[in-house]
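Engineer: Take a look at the letters that make up each chain.
2 protein chains.
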Amino acid sequence: MKLYDFELAPNPRRVRMYLAEKTLTVPSVQVNLRQGEHFRDEFRAENPALMVPALVLDDGVLITETMAICRYFEALHPTPPLFGTTAREQAMVEMWNRRAELEGFLAVAEALRNSLERFKDRALPGPRNYAQIPALAERGKARVRGFFEDLEVRLGDSAYVAGDSFSVADITAWVTIEFAGWVAEKPREDQRHLCRWHAQVASRPSAQA
Amino acid sequence: MKLYDFELAPNPRRVRMYLAEKTLTVPSVQVNLRQGEHFRDEFRAENPALMVPALVLDDGVLITETMAICRYFEALHPTPPLFGTTAREQAMVEMWNRRAELEGFLAVAEALRNSLERFKDRALPGPRNYAQIPALAERGKARVRGFFEDLEVRLGDSAYVAGDSFSVADITAWVTIEFAGWVAEKPREDQRHLCRWHAQVASRPSAQA
Numbered sequence: 066m067k068l069y070d071f072e073l074a075p076n077p078r079r080v081r082m083y084l085a086e087k088t089l090t091v092p093s094v095q096v097n098l099r100q101g102e103h104f105r106d107e108f109r110a111e112n113p114a115l116m117v118p119a120l121v122l123d124d125g126v127l128i129t130e131t132m133a134i135c136r137y138f139e140a141l142h143p144t145p146p147l148f149g150t151t152a153r154e155q156a157m158v159e160m161w162n163r164r165a166e167l168e169g170f171l172a173v174a175e176a177l178r179n180s181l182e183r184f185k186d187r188a189l190p191g192p193r194n195y196a197q198i199p200a201l202a203e204r205g206k207a208r209v210r211g212f213f214e215d216l217e218v219r220l221g222d223s224a225y226v227a228g229d230s231f232s233v234a235d236i237t238a239w240v241t242i243e244f245a246g247w248v249a250e251k252p253r254e255d256q257r258h259l260c261r262w263h264a265q266v267a268s269r270p271s272a273q274a
Numbered sequence: 066m067k068l069y070d071f072e073l074a075p076n077p078r079r080v081r082m083y084l085a086e087k088t089l090t091v092p093s094v095q096v097n098l099r100q101g102e103h104f105r106d107e108f109r110a111e112n113p114a115l116m117v118p119a120l121v122l123d124d125g126v127l128i129t130e131t132m133a134i135c136r137y138f139e140a141l142h143p144t145p146p147l148f149g150t151t152a153r154e155q156a157m158v159e160m161w162n163r164r165a166e167l168e169g170f171l172a173v174a175e176a177l178r179n180s181l182e183r184f185k186d187r188a189l190p191g192p193r194n195y196a197q198i199p200a201l202a203e204r205g206k207a208r209v210r211g212f213f214e215d216l217e218v219r220l221g222d223s224a225y226v227a228g229d230s231f232s233v234a235d236i237t238a239w240v241t242i243e244f245a246g247w248v249a250e251k252p253r254e255d256q257r258h259l260c261r262w263h264a265q266v267a268s269r270p271s272a273q274a
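So the protein lines, in turn, are chains H and U.
Taken in order, the first sequence gives residues 66 to 274; the numbers are from the numbering used here.
Taken in order, the second sequence gives residues 66 to 274; the numbers are from the numbering used here.
For the record, the hints were derived by calculation from the structure and aren't laboratory data.
Mixed in with the good hints, there may be bad ones.
Stated by the list, open to error - 30 Å max Cα-Cα, derived DSS-like pairs, lysine-lysine:
(1) 185(U) to 206(H)
(2) 251(U) to 185(U)
(3) 251(U) to 206(U)
(4) 206(U) to 185(H)
(5) 185(H) to 185(U)
(6) 67(U) to 206(U)
(7) 87(H) to 67(H)
(8) 185(H) to 87(H)
(9) 87(H) to 251(H)
(10) 206(U) to 206(H)
(11) 185(H) to 206(H)
(12) 185(U) to 206(U)
Between the sequences and the hints, there should be enough to build the whole structure, so can you do that?
Structural biologist: Next comes the structure, spelled out in structure tokens:
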């Protein structure tokens, strides 16, 4: 198998952080998105969605979507569990991971891709071009701040984002905070639960992956 | 437990369709979103995200997010599997379900909420108000058409969206097509794989749920 990766992009980072938590090593190939390597014909032939990360299995089956790649490895290597174990834990991980993605991660992407010149006509990833919408840049930043407020409340009640244990919801939320730095948004110092948790996750070896 | 539901809304419909496939019955409470019942203080106290569907467990734990609710029941009632069984099946279900949500379902929501007068200042669901952005209405419709094109290709190779068996990816994709009717988008007649599959899913009893 091989993992298409790009070290500067936040979604591949989520996969690398997941694999590091599992102490798994997967052969990877760098696709330099900043140099447009995902538009090359060879890559497009293998991965028409033009997305990174992407996992190609030995028989050529393609798995895109960060969480689909993580779930593939979770099914093969269930320990330590990063998607929860009981029904309730699984539901809380799914819920918080989605909230972190939809309300946090996608909001940062919206702010970034609708403001930077290098994303002109590339306001969304994938094979089709979409023009930037400047109003989305400001809305994205406002949404990120809202997400940080909600996360501060949550982390006042809970050691980790989805409950007592570290999970993919922490990976998504933590990478979202790192990613938010690209649009000059970060947790406020008085969001102390959020800052406590952010520092705690930053000290895990997987945060360097 | 109780399930907050609204019979006209597409996300609760995904949960109802899932429960019907599992032959599960859950006590439900209708929250009339068109009459703004989700803004009432009693509902807000229980569910600050103001989202429907929402599942409240007997000890008061709240599970929001359609797929988190479905995964809760999947862990308790694994047969018939609607999230795949093998690692590869689980990955394909996750991948296609996400593509259907991000590229299809959310695109319809974008088109709808940024054009209808009744969503003025409610361009996104949740506790915070966001103004409509008219450019998103057109972009949403274009994205839905792109999603239908990709789904047509996929269903030319595969009986169901994620592979040989019916799964939550079919539920999301099918409800997306129903939902797309609200913004006057539908599969073209020459998208024959898509139309074949749409009719096939429509004949399942769960499509009436």
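Engineer: Are residue 185(H) and residue 206(H) close enough, with their CA atoms no more than 30 Å apart?
Structural biologist: The hint holds at about 18 Å.
Engineer: Compare the distance between the alpha carbons of residue 87(H) and residue 251(H) with 30 Å, and conclude whether the hinted pair is satisfied.
Structural biologist: This hinted pair holds, its Cα atoms lying about 28 Å apart.
Engineer: Is residue 206(U) close enough to residue 185(H), meaning Cα to Cα at most 30 Å?
Structural biologist: Cα-Cα ~20 Å, so holds.
Engineer: Given the hinted pair residue 185(H) and residue 185(U), is their Cα-Cα distance within 30 Å?
Structural biologist: holds (28 Å)
Engineer: Against the 30 Å threshold, does the CA-CA distance of residue 185(U) and residue 206(U) hold or violate the hint?
Structural biologist: holds (18 Å)
Engineer: Would the pair residue 251(U) and residue 185(U) pass a check requiring their Cα atoms to be no farther apart than 30 Å?
Structural biologist: holds (25 Å)
Engineer: Check the hint pairing residue 67(U) with residue 206(U) against an upper bound of 30 Å on the C-alpha distance.
Structural biologist: violated (35 Å)
Engineer: Residue 185(H) and residue 87(H) were given as a pair; does the straight-line alpha-carbon distance stay at or below 30 Å?
Structural biologist: Violated, at about 37 Å.
Engineer: Sort out whether residue 206(H) lies within 30 Å of residue 206(U), counting only the CA atoms.
Structural biologist: With Cα atoms ~24 Å apart, residue 206(U) and residue 206(H) stay inside 30 Å; holds.
Engineer: Has the given pair, residue 185(U) with residue 206(H), been kept, meaning a C-alpha gap of at most 30 Å?
Structural biologist: holds (20 Å)
Engineer: Measure nothing beyond the straight line between the CA atoms of residue 87(H) and residue 67(H); if it is 30 Å or shorter, mark the hint as holding.
Structural biologist: Holds, at about 17 Å.
Engineer: Take the C-alpha atoms of residue 251(U) and residue 206(U), compute the straight-line distance between them, and say whether it is at most 30 Å.
Structural biologist: Status holds; Cα separation ~10 Å.
Going down the numbered hints, you'll see the structure goes against 6, 8, while the others check out.
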